[in-house]
Amino acid sequence: MIIRIGLLFRLFVTFLKVGAFTVGGGYAMLPVIQHEVTDKKKWVDDERMTDYLTLAQASPGIIGINAATAVGWHVAGLPGALAAALGMSAPSVVVITLIAMVFENFMQLELVMRAFKGVRAAVVALMLTAVIRIFKTSVKTRFQLIVAAAAALTVIVLDVKPQYVILAGGAAGVAASAILERNARSCKR
Amino acid sequence: MQTLTELFLAFLKIGLFTFGGGYVMIPFLQAETTSRGWLTLSEFTDIVAISQITPGPVAVNIATFVGYSQGLLPGALLATLGVCLPSFTIMAVLARFFIKFGEATFVRRVFFGLRPAVAGLIISAVFFIARLEFMPSGPVSIGNDGIRSALLAAACFAAMFKFKVSPFVCIIFAAAAGIVLF
Numbered sequence: 011m012i013i014r015i016g017l018l019f020r021l022f023v024t025f026l027k028v029g030a031f032t033v034g035g036g037y038a039m040l041p042v043i044q045h046e047v048t049d050k051k052k053w054v055d056d057e058r059m060t061d062y063l064t065l066a067q068a069s070p071g072i073i074g075i076n077a078a079t080a081v082g083w084h085v086a087g088l089p090g091a092l093a094a095a096l097g098m099s100a101p102s103v104v105v106i107t108l109i110a111m112v113f114e115n116f117m118q119l120e121l122v123m124r125a126f127k128g129v130r131a132a133v134v135a136l137m138l139t140a141v142i143r144i145f146k147t148s149v150k151t152r153f154q155l156i157v158a159a160a161a162a163l164t165v166i167v168l169d170v171k172p173q174y175v176i177l178a179g180g181a182a183g184v185a186a187s188a189i190l191e192r193n194a195r196s197c198k199r
Numbered sequence: 027m028q029t030l031t032e033l034f035l036a037f038l039k040i041g042l043f044t045f046g047g048g049y050v051m052i053p054f055l056q057a058e059t060t061s062r063g064w065l066t067l068s069e070f071t072d073i074v075a076i077s078q079i080t081p082g083p084v085a086v087n088i089a090t091f092v093g094y095s096q097g098l099l100p101g102a103l104l105a106t107l108g109v110c111l112p113s114f115t116i117m118a119v120l121a122r123f124f125i126k127f128g129e130a131t132f133v134r135r136v137f138f139g140l141r142p143a144v145a146g147l148i149i150s151a152v153f154f155i156a157r158l159e160f161m162p163s164g165p166v167s168i169g170n171d172g173i174r175s176a177l178l179a180a181a182c183f184a185a186m187f188k189f190k191v192s193p194f195v196c197i198i199f200a201a202a203a204g205i206v207l208f
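The listed protein sequences correspond, in order, to chains A and B. Under the working numbering, the first residue of the first sequence is numbered 11, with each subsequent residue one higher. Under the working numbering, the first residue of the second sequence is numbered 27, with each subsequent residue one higher.
By construction, these hints were calculated from the structure, which means they are not laboratory data. Some hints here could point you the wrong way.
No farther apart than 20 Å at their CA atoms in a straight line, the calculated lysine to aspartate or glutamate pairs in the EDC-like style are these [said to hold, decoys possible]:
1. 27(A) with 49(A)
2. 126(B) with 56(A)
3. 146(A) with 55(A)
4. 188(B) with 56(A)
5. 150(A) with 55(A)
6. 126(B) with 55(A)
7. 188(B) with 49(A)
8. 190(B) with 49(A)
9. 190(B) with 56(A)
Residues of chain B clear of chain A, computed beta-carbon distances all greater than 10 Å [claimed, not checked]:
10. 28
11. 29
12. 30
13. 31
14. 32
15. 57
16. 58
17. 61
18. 62
19. 63
20. 64
21. 66
22. 67
23. 161
24. 169
25. 170
Just so it is clear, CB atoms sit at the ideal spot from N, CA and C, and this is done for glycine as well.
Given the sequences, and given the hints that come with them, work out the whole structure.
Below, the structure written as structure tokens:
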């Protein structure tokens with residue numbers, strides 16, 4: 011029981027760090043989560059992490075909370091999921107409540123504005139590293155490369171909504187795997 | 027008491043029906059908060075700006091802010107709980123399911139296509155944010171700030187990708203650099 015509480019505490023603190031240090035939304039959190047959970051704590055390996063991050067983005071709601079819940083569950087079931095989700099949201103609630111109390115004054119802080127402009131530049135870089143890492147486990151075949159490119163282009167150029175891309179991707183995956191497996195079987199004959 | 031329930035339910039709805047993360051939620055949040063008279067458009071825009079530059083998920087920040095504005099600390103907590111609950115419940119179920127059936131044929135087949143599709147979604151998100159940061163006044167004029175942003179981003183990317191600098195260090199460095207550069 012004591013060991014368990016230690017683990018829950020570590021989960022809470024890990025996602026507290028992620029939530030406290032990431033600015034700019036769910037996608038920016040991905041490399042931080044990868045760094046903390048896969049590299050440092052070794053709770054989840056890269057392949058399974060990609061699945062969780064994929065699920066986190068395919069599901070409705072908040073990507074960061076989704077990711078935290080999935081990893082937390084993987085590590086320690088329901089208590090783990092709770093610890094992770096609470097850790098992730100705690101910094102938000104604390105910081106924002108404090109700021110909301112002094113709202114007008116915060117907006118005047120030019121230094122803060124400039125610092126965060128720098129942080130937003132870092133966020134672009136962060137997201138790029140996440141993409142590259144996810145690419146390694148998500149895009150291994152030519153078909154998958156086409157799906158990734160198609161997904162990116164339909165959103166950028168055609169303004170298609172994410173949920174349609176997700177549905178199409180899943181369906182394409184099922185269809186393509188079925189076709190590939192059938193071809194493989196017929197080759198063996 | 028009624029405001030608190032309304033807050034919880036409004037954010038529950040948003041958390042349940044939005045796909046694609048915080049930025050996608052913004053138009054829905056705007057509709058919900060302004061139509062109920064909770065915020066003016068200009069107040070909402072300020073809150074979004076602050077939520078984007080404060081730690082944590084954007085949607086959670088906005089929920090806490092709006093919740094506080096309508097119902098102080100209880101409001102903040104209930105709004106946040108509302109927006110997080112769908113995420114938590116759905117993902118808890120999916121994670122449990124995944125641990126049991128993650129290697130099942132059908133699941134692998136779906137993920138064979140889902141993984142790259144999601145990778146593509148992230149690429150589109152990078153594109154939009156990069157464009158916003160590096161070319162804020164439109165595609166034609168890049169401007170001084172945009173170029174500095176891009177160079178800072180390139181430096182951060184090199185640091186993390188080539189030199190394995192941790193994301194935390196990078197963010198702190200970028201914040202300091204921002205004060206100097208902009």
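Okay, the hints, checked on the actual structure:
Proximity of residue 27(A) to residue 49(A) is assessed by CA-CA distance (about 15 Å); at most 20 Å being required, the pair is judged to hold. Distance restraint check for residue 126(B) and residue 56(A): the Cα-Cα separation of roughly 18 Å lies within the 20 Å cut-off, and the hinted pair is therefore satisfied. Between the alpha carbons of residue 146(A) and residue 55(A) the distance comes to roughly 13 Å, so the proposed pair stays at or under 20 Å and holds. Taken as a hint, the residue 188(B) and residue 56(A) pair is honoured in the structure, with Cα atoms around 19 Å apart against an allowance of 20 Å.
This hinted pair checks out: residue 150(A) and residue 55(A) have alpha carbons roughly 17 Å apart, not beyond 20 Å. As the CA atoms of residue 126(B) and residue 55(A) are separated by approximately 17 Å, the hinted pair is consistent with the 20 Å bound. Annotation: proposed proximity of residue 188(B) to residue 49(A) holds, straight-line Cα distance about 16 Å (limit 20 Å). For a cut-off of 20 Å, the pair hint linking residue 190(B) to residue 49(A) stands: about 11 Å separates their Cα positions.
In summary, the hint linking residue 190(B) to residue 56(A) is supported, as the alpha carbons are separated by about 17 Å, within the 20 Å threshold. The beta carbon of residue 28(B) is kept farther than 10 Å from every beta carbon of chain A, the shortest such distance being approximately 21 Å. With a least beta-carbon separation of about 16 Å from chain A, residue 29(B) lies farther than 10 Å from that chain, consistent with its non-interface assignment. The non-interface label for residue 30(B) is consistent with chain A: the shortest C-beta to C-beta separation is roughly 15 Å, beyond 10 Å.
Against the 10 Å criterion, residue 31(B) stays outside the reach of chain A, whose nearest CB is about 19 Å from its own CB. A cut-off of 10 Å between C-beta atoms confirms that residue 32(B) is not in contact with chain A; the least separation is 18 Å. The Cβ of residue 57(B) lies farther than 10 Å from every Cβ of chain A, with a closest approach of about 16 Å, so its non-interface assignment holds. Every C-beta of chain A lies more than 10 Å from that of residue 58(B), the closest at about 15 Å, which supports listing it as non-interface.
With 10 Å as the threshold on Cβ separation, the claim that residue 61(B) sits away from chain A holds: the shortest Cβ distance comes to roughly 21 Å. In this structure residue 62(B) is separated from chain A by more than 10 Å, as the shortest Cβ-Cβ distance comes to about 18 Å. Its beta-carbon lying about 18 Å from the closest one in chain A, residue 63(B) satisfies the requirement of being farther than 10 Å from that chain. Annotated as non-interface, residue 64(B) keeps its C-beta farther than 10 Å from every C-beta of chain A; the closest such distance is 13 Å.
Every beta carbon of chain A lies more than 10 Å from that of residue 66(B), the smallest distance being close to 14 Å; the non-interface claim holds. In this structure residue 67(B) is separated from chain A by more than 10 Å, as the shortest Cβ-Cβ distance comes to about 16 Å. Against the 10 Å criterion, residue 161(B) stays outside the reach of chain A, whose nearest CB is about 12 Å from its own CB. Its beta-carbon lying about 13 Å from the closest one in chain A, residue 169(B) satisfies the requirement of being farther than 10 Å from that chain.
Taking the minimum C-beta to C-beta distance to chain A, about 12 Å, the non-interface status of residue 170(B) holds against the 10 Å cut.
Checked against the numbered hints above, the structure violates none of them.
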